[in-house]
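**Student:** Please put together the full structure from these sequences, using the hints given.
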Amino acid sequence: MEQIFEKLFGILSIIFTIISIVLLFLVIFFITKESVLIFQEVKFFDFITGLTWNPLAGEPTVGILPMILATFYVSMVAVLISLPIGIGCALELAALENERLKGFFTSILAVLAGIPSVIYGFIGLLVVVKFLERTFRLAAGESILSGGIVLAVMVLPYIVSSVAETTEKSYEKYKETSLALGVSKSYMLRALILPNAKGAILTSMILAFSRAMGETMAVMMVMGNSPILPKLLGKGETIPALIALEIGTAGLGSLHYHALFSSGFVLMMFLIFLNALFYLIKKNLTEHLE
Amino acid sequence: MTNFPLRCWTVLSTVLSIGLLFFLLSFVFIKAQGVISLNFILAKPAGFPVGSAGGIWPAVAGSLLVTLIASLFATILAFFTAVYMVFHCRDDRIKLVVNLIIQCIAGIPSIVLGLFGYAFLVIKLELGLSILASGLTLAIMIFPYIQIRLQKLFLETNKQLLEASASLGINRSYTIINLLLPMYRKQILSIITLASGFAMGAAAPVMLTGCMMNAPVPESLASPFMSLPYHLYVLIGQGISLENAYGTAFVLMILVLLLNLLAAVPTLLGMRGKR
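If you read the sequences in order, they're chains A and D.
Residue numbers for the first sequence, in the working numbering: 1 to 290.
Residue numbers for the second sequence, in the working numbering: 291 to 565.
No lab work stands behind these hints, which were simulated from the structure alone.
Among the hints, erroneous ones may be present.
[As the list claims (entries may be wrong)] Simulated crosslink set (BS3-like; lysine-lysine; CA at most 30 Å straight-line): (1) D:Lys414 x A:Lys43; (2) A:Lys175 x A:Lys102; (3) D:Lys442 x A:Lys7; (4) A:Lys43 x A:Lys33; (5) A:Lys282 x A:Lys169; (6) A:Lys102 x A:Lys231; (7) A:Lys102 x A:Lys7; (8) A:Lys102 x D:Lys442; (9) D:Lys442 x A:Lys283; (10) D:Lys449 x A:Lys283; (11) A:Lys169 x D:Lys442; (12) A:Lys7 x D:Lys414; (13) A:Lys231 x A:Lys130; (14) A:Lys282 x D:Lys476; (15) A:Lys185 x A:Lys175; (16) A:Lys130 x D:Lys321; (17) A:Lys130 x A:Lys169; (18) D:Lys449 x A:Lys173; (19) A:Lys282 x D:Lys321; (20) A:Lys169 x A:Lys43; (21) D:Lys449 x A:Lys169; (22) A:Lys33 x D:Lys442; (23) A:Lys169 x D:Lys476; (24) D:Lys442 x A:Lys198; (25) D:Lys321 x A:Lys235; (26) D:Lys385 x A:Lys282; (27) D:Lys385 x A:Lys283; (28) A:Lys7 x D:Lys476; (29) D:Lys442 x A:Lys173; (30) D:Lys442 x A:Lys175; (31) A:Lys169 x D:Lys385; (32) A:Lys185 x A:Lys282; (33) A:Lys130 x A:Lys198; (34) D:Lys476 x A:Lys102; (35) A:Lys33 x D:Lys385; (36) D:Lys442 x D:Lys476; (37) D:Lys449 x A:Lys7; (38) A:Lys282 x A:Lys173; (39) D:Lys476 x A:Lys283.
What you are looking at is a predicted structure, and each value in this text was computed from that prediction instead of being measured.
**Tutor:** As structure tokens, this is what we get:
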């Protein structure tokens, strides 16, 4: 009986592993399959450099350059705003000796990361967008900047935890040496821990950037969603927002439908590339540290 | 840069991020005060357009159910995959390929997974716009999160423990079920609850695969459903009711915070026990 169970357990684990891998493989396969169809009608180069998105016109044009640029722009703004705050937090976290305070701060960051993106979008719309309207006297506060600010809060926990991983390690490593040399904590953070964390800061930027690019709901709610070339205080539409807003009305198998899949494909490929880069750099860094 | 500005910078950043969380929480909690009542939570949405009056019960039930389906599927798949990768697989190339694929999927944005759910589960497999299709899509979304962490947990297990168990002639399955699972119960539960929190808050994948603006509490796996994040999006996006949007955001936030808390409690207790 036990032997049978042991066999069964082994077989089950193989079967479920195969199911998982096949399922994950299917994701990439299906998105690719549904998107390549469009390239019989539109050249890939025209697709990613085209300036007009009008798939429902008599002579449909599908160009997603404005969306690609908006996605990059808003993610860049988010990382630029979030990075200095994130590094500051990570340094403070490394130097905190009080375990209880440290635990408290870590769980605060975990809760920030756990808040659903719709809620970020909701509060962003009521607070950030309104604030921009008042400050810059805009007709509509929905803009790349508001998207960037909301995203900055959302990626902050990822930046902090990614940088703190390294700063905490190097703080532990050099704590006693620094103490023995009579160096102050601030000096140690400035001259030793911060320069040492360069690699970690780079990987945290990549991670935050990829998170920001893939975000849908929060961005969609505060950016105004018009497929035009993005300006900091103007509206813009990211690729995820484009897909979420239009897939419901796109006829199955139409050019519009496949164009949306293709834009998803472009985004997916770029994010897989970023993720692989993140994985490799991080692997390199941890080996270097040890 | 001298020491003083650096201290200012680190302390200010920390205060700012803690302040942000408290601002977010209090903003929703204060504004929702007038709306939240037992009736709001337990009533169906009503009024014209739908959602401008009444409550959100179908959305609460739908969100809980779809999260349950997603966590169940994702946990089973992730557990066995992690077991296979750590205890059965002896081929380094297979390990590399599987790890790589899982890493790739972890990087795919949720909206693209929604597209996959729509094209494959809803249309190709003919599941229709249903809670099952949404649950499976969410399961694919949280699978890498659970699998990567479980695998790390199993890899960190004391090798001597496993060797002692094996040299006593105890089956591997028995060791995993009766030794590893009880030992890591807290960590495993906290990984799963955190992942469920992500699934519950996700709107993008479900809005493509079965979530509706107005639907009853799902009766079967094949019925469409309502979910809290999507309901909130519709209420605010179409300007239906700001009041009810606050209420919905409040309930969603509480549910996610509860899951976070559930995940944190065992680990906190466990940490104290160790010291």
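**Student:** Run every hint past the structure and note whether it holds.
**Tutor:** Hint check:
Distance restraint check for lysine 414 (chain D) and lysine 43 (chain A): the Cα-Cα separation of roughly 27 Å lies within the 30 Å cut-off, and the hinted pair is therefore satisfied. Between lysine 175 (chain A) and lysine 102 (chain A) the CA atoms are separated by roughly 17 Å; this keeps the pair inside 30 Å, and the hint holds. At roughly 24 Å between alpha-carbon atoms, lysine 442 (chain D) and lysine 7 (chain A) fall within 30 Å of each other, so this suggested pair holds. Taking the CA atoms of lysine 43 (chain A) and lysine 33 (chain A), the gap is about 16 Å. The hint holds against a cut of 30 Å.
Simply put, lysine 282 (chain A) and lysine 169 (chain A) have alpha-carbon atoms about 14 Å apart, close enough for the 30 Å limit, and the pair holds. Restraint check: the Cα-Cα separation between lysine 102 (chain A) and lysine 231 (chain A) comes to about 40 Å, which exceeds 30 Å; the hinted pair is violated. Straight-line distance between C-alpha atoms of lysine 102 (chain A) and lysine 7 (chain A) comes to about 46 Å, which puts the hinted pair past the 30 Å bound. Between the alpha carbons of lysine 102 (chain A) and lysine 442 (chain D) the distance comes to roughly 23 Å, so the proposed pair stays at or under 30 Å and holds.
Restraint check for lysine 442 (chain D) and lysine 283 (chain A): satisfied, since their Cα atoms lie roughly 15 Å apart, inside the 30 Å limit. Using a Cα cut-off of 30 Å, the hinted pair lysine 449 (chain D) and lysine 283 (chain A) holds, with the two alpha carbons roughly 23 Å apart. Taken as a hint, the lysine 169 (chain A) and lysine 442 (chain D) pair is honoured in the structure, with Cα atoms around 19 Å apart against an allowance of 30 Å. With a C-alpha separation of about 34 Å, the suggested pairing of lysine 7 (chain A) with lysine 414 (chain D) is violated against the 30 Å cut-off.
Taken as a hint, the lysine 231 (chain A) and lysine 130 (chain A) pair is honoured in the structure, with Cα atoms around 18 Å apart against an allowance of 30 Å. Among the hinted pairs, lysine 282 (chain A) with lysine 476 (chain D) is consistent with the structure: their alpha-carbon atoms are about 28 Å apart, no more than 30 Å. At most 30 Å may separate the alpha-carbon atoms for a hinted pair to count; lysine 185 (chain A) and lysine 175 (chain A) meet this at roughly 9 Å. Among the hinted pairs, lysine 130 (chain A) with lysine 321 (chain D) is consistent with the structure: their alpha-carbon atoms are about 16 Å apart, no more than 30 Å.
About 42 Å separates the Cα atoms of lysine 130 (chain A) and lysine 169 (chain A), which puts this hinted pair outside 30 Å; it is violated. Note on lysine 449 (chain D) and lysine 173 (chain A): the hinted pairing holds, with a Cα-Cα distance of about 26 Å set against a maximum of 30 Å. A hinted pair counts as satisfied when its Cα atoms are at most 30 Å apart, and lysine 282 (chain A) with lysine 321 (chain D) does not qualify at roughly 43 Å. With a C-alpha separation of about 50 Å, the suggested pair lysine 169 (chain A) and lysine 43 (chain A) falls outside the 30 Å cut-off, and the hint is violated.
In summary, the hint linking lysine 449 (chain D) to lysine 169 (chain A) is supported, as the alpha carbons are separated by about 25 Å, within the 30 Å threshold. Taken as a hint, the lysine 33 (chain A) and lysine 442 (chain D) pair is broken in the structure, with Cα atoms around 33 Å apart against an allowance of 30 Å. Distance check on the hinted pair: lysine 169 (chain A) and lysine 476 (chain D) sit about 25 Å apart at the alpha-carbon level, within 30 Å; holds. At roughly 26 Å between alpha-carbon atoms, lysine 442 (chain D) and lysine 198 (chain A) fall within 30 Å of each other, so this suggested pair holds.
With a CA separation close to 28 Å, the supplied pair lysine 321 (chain D) and lysine 235 (chain A) stays within the 30 Å bound. Between lysine 385 (chain D) and lysine 282 (chain A), the direct Cα distance comes to roughly 19 Å. Compliance with the 30 Å bound is thereby established for this hinted pair. Proposed proximity of lysine 385 (chain D) and lysine 283 (chain A) is supported: the alpha carbons are some 16 Å apart, at most 30 Å. Proposed proximity of lysine 7 (chain A) and lysine 476 (chain D) is supported: the alpha carbons are some 28 Å apart, at most 30 Å.
The hinted pair formed by lysine 442 (chain D) and lysine 173 (chain A) meets the criterion: a straight-line CA distance of about 24 Å does not exceed 30 Å. Of the pairs offered as hints, the one joining lysine 442 (chain D) and lysine 175 (chain A) holds, with about 28 Å between alpha carbons and a cut-off of 30 Å not exceeded. Of the supplied pair hints, the one linking lysine 169 (chain A) and lysine 385 (chain D) holds, its CA atoms being roughly 28 Å apart against a limit of 30 Å. Under the criterion of a C-alpha separation no larger than 30 Å, the hint pairing lysine 185 (chain A) with lysine 282 (chain A) is consistent with the structure, at around 27 Å.
Distance hint between lysine 130 (chain A) and lysine 198 (chain A) is unfulfilled; the C-alpha atoms sit about 36 Å from each other, more than 30 Å. Using a Cα cut-off of 30 Å, the hinted pair lysine 476 (chain D) and lysine 102 (chain A) holds, with the two alpha carbons roughly 21 Å apart. The suggested pairing of lysine 33 (chain A) with lysine 385 (chain D) holds, with an alpha-carbon distance near 27 Å, which does not exceed 30 Å. With a CA separation close to 15 Å, the supplied pair lysine 442 (chain D) and lysine 476 (chain D) stays within the 30 Å bound.
A C-alpha spacing of about 22 Å is found between lysine 449 (chain D) and lysine 7 (chain A), which places the hinted pair at or below 30 Å, so the restraint holds. The hinted pair formed by lysine 282 (chain A) and lysine 173 (chain A) meets the criterion: a straight-line CA distance of about 19 Å does not exceed 30 Å. A threshold of 30 Å between alpha carbons decides the hint, and for lysine 476 (chain D) with lysine 283 (chain A) the separation of about 28 Å falls inside it, so the pair holds.
Figure legend: structure checked against the earlier numbered hints; hints not met, in rising order: 6, 7, 12, 17, 19, 20, 22, 33.
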